[in-house]
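Peer 1: Whole structure, please, built from the sequences with the hints as guidance.
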Amino acid sequence: MKFIKTLSATTMLALVATSGAALADDHMASDMTLVSWGGAYQASQIAAYAEPYTAMNEGVTITWDESSAEAVAKLRAMNEAKNVTWDLVDVVAADALRLCDEGLAMEIDPNEDLAAAPDGTSAEDDFGDLLVSECFIPQIVYSTTVGYRSDMVPAGAAAPTDICALFDTKTYPGMRSLEKRPINNMEWALLCDGVAKEDVYDVLGTPEGQEQALAKLGTIKDSVIWWSAGADTPQLLADGEVFMGSTYNGRLFSAIVEQGQPISMLWDAQVFDLDGWIIPAGLPEDRLARVKDFVKFATDTQRLADQSKYISYGPARASSAPLVGKHASLGIDMAPHMPTDPENSKNTFLYNYEFWADYRDDIDAKFQAWLAQ
Amino acid sequence: MSSVIVNVKRPDLLTFTMPFVAVFGAMFGFITGNIFGAPSIGLIGGAIVGAVLAGILARMTKINRRVKIWGIAIIFGLAGAVFGGLGGFFGGLLVGVSMGWFATWVGTGKYRAGVPTYYTPGQVLWHNTFLFICAFVFFFLIAPLIPVVWLSFNAENFFTFTPEMLSFKAEGYSLKHYRDFLGTDEWMVPLKNSLIIAPIATIISVSLGTLAAIGLSQSHVPGRQTMMAILISPMIVPLIISATGMFFFYAPLGNWLEVTLGLNQSFVGYVKVILAHAVLGIPFVIITVTATLVGFDKSLTRAAANMGANPVTTFFRVQMPLILPGVISGGLFAFITSFDEVVVVLFVGSARQQTLPWQMYTGLREQISPTILAAATILVAVSILLLLTVELLRRRSERLRGMSPT
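Chains as they are written, first to last, in my numbering: chain S, 8 to 380; chain D, 1379 to 1784.
Hints are computed from structural coordinates only; laboratory data are not their basis.
One should not assume that every hint holds.
[Stated by the list, open to error] Here's a subset of chain D near chain S, in silico, CB distances under 10 Å, partners left out:
{"hint": "1", "residue": "F1536"}
{"hint": "2", "residue": "T1538"}
{"hint": "3", "residue": "E1564"}
{"hint": "4", "residue": "V1567"}
{"hint": "5", "residue": "F1626"}
{"hint": "6", "residue": "A1629"}
{"hint": "7", "residue": "G1632"}
{"hint": "8", "residue": "N1633"}
{"hint": "9", "residue": "E1636"}
{"hint": "10", "residue": "S1644"}
{"hint": "11", "residue": "F1725"}
{"hint": "12", "residue": "A1729"}
{"hint": "13", "residue": "T1740"}
{"hint": "14", "residue": "R1743"}
{"hint": "15", "residue": "E1744"}
[Stated by the list, open to error] 27 Å max Cα-Cα, derived DSS-like pairs, lysine-lysine:
{"hint": "16", "chain 1": "S", "residue 1": "K333", "chain 2": "D", "residue 2": "K1554"}
{"hint": "17", "chain 1": "D", "residue 1": "K1554", "chain 2": "D", "residue 2": "K1570"}
{"hint": "18", "chain 1": "S", "residue 1": "K81", "chain 2": "D", "residue 2": "K1570"}
{"hint": "19", "chain 1": "S", "residue 1": "K187", "chain 2": "S", "residue 2": "K228"}
{"hint": "20", "chain 1": "S", "residue 1": "K316", "chain 2": "D", "residue 2": "K1554"}
Built from N, CA and C at the ideal position, the CB exists for glycine as well.
Peer 2: Structure (structure tokens):
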């Protein structure tokens, strides 16, 4: 009995103490919950943004939630229950567009909410075309590209340099891992079925074009393992279960350079995409003030350049590019590992938001039906 | 037993022992062949090795069985070492012990030792097949844990048995995943959260569950069956449905606590998760305590009342000590339920209440890192310790009940 009394007394004390601390701050909340993807990517955000920020603002605590993969569904549920516990959410641009359309994300004014470049260029011009939605605050440019086991290239065959090696199971036998969704796979299939790059989306917009892409994918269907998490392909490559597979370029960088796996990159026909922050709509005033303060700091020119010390994703600001330096612990030059490096970006795609916004549901259904056959 | 074996006739070598040992050898040969990419060669080779082994052992009647088995094990181990280094040695040792044991077990007629002499060959075959099936069931229950524990000592950041690991070289192993687990906030904060949430939820479920079980064991309570069914329902309803319901139930409750009472957001989050986990734990406590109460002698409470004790004193001084084993094992189940629970906490909790299973779940999906295996190994060890405690308590209660007058 005495134990329970002591316990309840200490809980009450702790309660009073914590609520007291929250009240002591003026008009900004003292803690924030940030949502991200986990892994090396989140680690780079912690090192480049969160740690410097908490060092500058003592008493601010940041909690990380690794829920970006289901951010749309969770934000909907939170909104329904009127209990939004997130303050800032890291999502891919396509999800940001959806959240913005549904009114779950807050619209921002780039020139007011984001810092200008050191030379005075306004944030709007500095981010340029990458501001794809009114709610989206871009951080990085990443690409979905292909990695292969350099030690499993058959004797006598040259190392693959062309995206069509994916479909060439004669020269390069072995399993492949591809993402379990039509995006990227359909484009690559058409490109390797003789469709010119500039016509890919025109062809893919027609039912015949979709059939053509699926038929091309059908030629390797038996040797494909379908992945749904970014960590799958590096694991499958490290195991030697697949010869080649698609994933995010940062994951491959980590497997090759940091883990020393015998994997090489195939940059051909890599697909660029954007990742960035959104602020959930309807935050209370004190939390919103804190988040805006953080976002302004975390997306300035230097911070975005700093992030590329930890992971091989390109900063979204034009003014950050010249500041990209060396890897924080390995000391290698990061520029050649960036998807945007001229050597790597000879042949690239940009994720076609408009096309996929219009055709996603339709093609998704066809793709899933085809998978189940 | 040994006198029985002497009397057992040795089975015929050519028609019985050799075929059986050959089949057994073929099985190992097939597995070994698969590793080297030649299953059919392994199958045939294994069968030949098995038959030859049976033939040789049948000639050596003078040598002790244990000496034979170890001799074979060491020969196989050395053969394995030639192909696969230290790893091959251990693999060969394992195969050698199994083969030697099986060959002598069949060859000396020991397989008949455990069955009555009047059994027909069919009955003997079934008896032994049954034992093998039991052994396989145990094997398949336990075996999946072995790679988890083994891989948690991997020196690489992937779920891969590296060649260094398979040949037992020191550089293939490291404790770095345990250091990652014990040394980073990423894992220590969830562990701390689990250690806050699970004990408090356990205390709540044990108090409420015990009271409910005692109340429901009184014969005069109306609607006992219905109440019992409702209280047990969290165990029966699929977790995802309870979790969705709890999310929408606790969200307005949390909002009210935060807005109207002005409580700290993170504190309210803990309250929600703890209450949700307490609900999940209560059925386990009710079931175990009800089971203990069956053996509880009601006349003891009447005797206590006769001596002038009030019901509260009777409960704490007489009833509680006797049903304590049931209460504790119920509490342990409630604790494990909360400690292992991932679905409800994902719905009800926010990132600040991230528990260990939550962190393992997201970690497994976003970054396949062996740190999860280190965490799993530690959890398995903790679970084994807890279940051992439950088992020891159960035995103690059986002993006590055997002595108590009923």
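Peer 1: Against this structure, judge whether each hint is valid.
Peer 2: So, going through the hints one by one against the coordinates:
1. F1536: holds, 4 Å
2. T1538: For T1538/D, the interface hint holds, since the closest Cβ of chain S sits about 5 Å away, which is under 10 Å.
3. E1564: holds, 8 Å
4. V1567: holds, 9 Å
5. F1626: This interface hint holds because 6 Å falls under the 10 Å limit.
6. A1629: At 4 Å from the nearest chain S Cβ, A1629/D passes the 10 Å test, so the hint holds.
7. G1632: holds, 6 Å
8. N1633: holds, 6 Å
9. E1636: Check passed: Cβ of E1636/D comes within 9 Å of chain S, closer than 10 Å.
10. S1644: holds, 7 Å
11. F1725: Nearest chain S Cβ about 8 Å off; hint holds.
12. A1729: holds, 3 Å
13. T1740: holds, 4 Å
14. R1743: holds, 5 Å
15. E1744: holds, 4 Å
16. K333/S - K1554/D: It holds: about 26 Å lies between the C-alpha atoms, which stays within 27 Å.
17. K1554/D - K1570/D: holds, 21 Å
18. K81/S - K1570/D: Holds, because 25 Å separates the two Cα atoms, which is no more than 27 Å.
19. K187/S - K228/S: The hint holds at about 12 Å.
20. K316/S - K1554/D: OK: K316/S and K1554/D at ~23 Å, within 27 Å.
Violation of the numbered hints given earlier is absent; every hint is satisfied by the structure.
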